[in-house]
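S.K.: Sequence:
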Amino acid sequence: MQPSPAVPTAAAVVTLRPVSEAQVTTGFWADRMAANRAAIPLGRERLEAAGNLGNLRIAAGEASGDAQGASFRDSDVYKWLEAVAWDGSQPLADLIGTISAAQRDDGYLNSAIQVRGEEPYTHLWNSHELYCAGHLFQAAVAATRATGDTTLLQVAIKFADHLADTFGPSGRTQLEGHPVIESALVELYRETGNRRYLDLAKYFVDARGHGRATKPGFDPSHYGDPAHYSDRVPVRDADTLEGHAVRAVYFATGATDVAIETNDLELLDAVRRQYDNMRQRKQHVTGAVGSRWDGEAFGDDYELPPDRAYAETCAAIGVLQWAWRLLLATGDSSYADQIELLLYNAILPAVSLEDADYFYVNTLHRRTGARGDVQRAPAYGRRPWFNCACCPANVMRTLASLPAYLATGTADGLQIHQYAGSTLRAGSFAVDVDTDYPWDGRVTATVREAPAGEVELALRIPEWASDATVDDKPVTAGDYARVRRVFQPGDQVVLQLPMPPRLLVSDDRVDSTRGCVAIARGPLVYALEQPDQQPDVVLEDLRLDPTAEITAKRTDLLGGITVLHSADLTLIPYYAWANRGLHPMRVWIPAG
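All residue numbers for the sequence shown refer to my numbering, where the first residue is 536 and numbers rise by one.
Just so you know, the hints here were simulated from the structure itself, not pulled from any lab data.
For each residue, glycine too, the CB sits at the ideal point set by N, CA and C.
Incorrect hints may appear among the rest.
[Stated by the list, open to error] Pairwise CB distance ranges, derived in the manner of DEER restraints:
1. V1021 x E998: 27 to 35 Å
2. P1035 x T550: 30 to 38 Å
3. R808 x G1050: 28 to 36 Å
4. D1091 x G604: 39 to 47 Å
5. R730 x D754: 32 to 40 Å
6. T1082 x G604: 39 to 47 Å
7. G1095 x V1073: 51 to 59 Å
Could you build all of it, start to finish, from the sequences and the hints given here?
M.R.: Below is the structure:
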């Protein structure tokens, strides 16, 4: 079975399932995955320099000293370990040995809290102890699925048993301030078959929404607001996401996993309702989410300022994880469209084309003369690491696991959701995909192996792809083109997705972009960046004539991109900005 971050059990109520084989072989995503592979060793160096690994060594008795940083530092190590597992490029044994030695006899594990001699679970609103546990569980499942080594899985099981003994209706009823434990427990259940883990995840999902995760006492900041923790409204009653964006989408992901595994259609309807609301009212044009720096939070409906967008990298990754689970549950192509939007325009922009530098915050407008006032400000450009370094390792694990998101399978078919040079298999049906996507819309699927009877090959037709054809026959945008027949090895199915540049206009209720347009081509959102414009021009003075012709030209710039031209304006894909130094940039352009 293809190693995958989310593998529903046989009893789970889903429409689609992960494929048995998926490999990226050539083209755009092969290049980005190769760059990510080169970044992974640097991740270990940066974890070492920041003290994350030192904390674990001290807790394991392998070193002495004081714990460095906040109590959530272990989570960065676990996300990096997950990246290593999916990528298969680095040895794991020494670090897993240290983690195992650091674990207490009762199963508890948090290196900073242990080294400092603090009592566990006394500051759950902000200690991130279960958040760290969740990332440990996810890394353990990844290591097991990708390598077959269950050493880290045994650490995770011991910790999960401790949590099941400690929390729940007959135990501690406080909730972790930062969700992720919910989806991690479900995945651990999927790997081990231990129902206790699913039951605990369900308890955590149903218990939230009653103020149990909020900081005790009075605090006028977001730490005193239940919404910050997705703890103001029970998930089944909520119509929207609010508060801290990463916490909210991680929690929704876990709730979706619980719904899938327990056949809870009420819960599934609730999270779908919330996703649709987010997509229509609280998502930036790039797919990113988060409008407020205060509390790293969602804003109100249609509160989407491009220059003050928080758009945290981890939030985009959480939305991708959520969309993937909803795609498995429903088979609805709109979730695959979302995954495409997020990968190209909300996650990929967070990492540099070279040097493995990262954005924590992904602005849609870097103003002329912008000055950074905090470490994570995008005005500084991408950075190698952060004092809160959740995003870099999150990008690493996401790109390392990218093949898992390309396709799914059913009993008699293969569904291709994302287009990349790749080899894919669902059971006895295997195809090779050849394409220069996202620069060119031609996608050729060549059958490598096929069963004797009829089988279906389904190809996602993106919502933006009007006039698309499959084998020269028109197909409907925003759905799947389904080719059902008896295939033979060597048969080809050719998808053609026209890619004329297109203007995007936001909802008129988004005050900050009223009167502006954005430009996209294929799956890519484009941006103006200062180096590409006429000399001495001030970026904020530029206007785009919406009636002017927009032309596209493939170039060698920035690793080989398609550049757009409209009158005197030149645009590059948004993901590629800030790779030539610090310059003004904007996605939304005043029309005039």
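S.K.: Against each hint, give a clear statement of whether it holds in the structure.
M.R.: Structure-based check of each hint:
Distance hint for V1021 and E998: a CB-CB separation of about 31 Å, consistent with the stated range 27 to 35 Å. Checked against the hint of 30 to 38 Å, the pair P1035 and T550 passes, with Cβ atoms roughly 32 Å apart. Distance hint for R808 and G1050: a CB-CB separation of about 31 Å, consistent with the stated range 28 to 36 Å. Between D1091 and G604 the beta carbons are some 42 Å apart, a value that agrees with the proposed interval 39 to 47 Å.
Taken as a hint, the range 32 to 40 Å holds for the pair R730 and D754, whose Cβ atoms sit roughly 38 Å apart. Remark: the range hint 39 to 47 Å for T1082 to G604 is contradicted by a beta-carbon distance near 54 Å. Between G1095 and V1073, the C-beta spacing of about 29 Å breaks the proposed range 51 to 59 Å.
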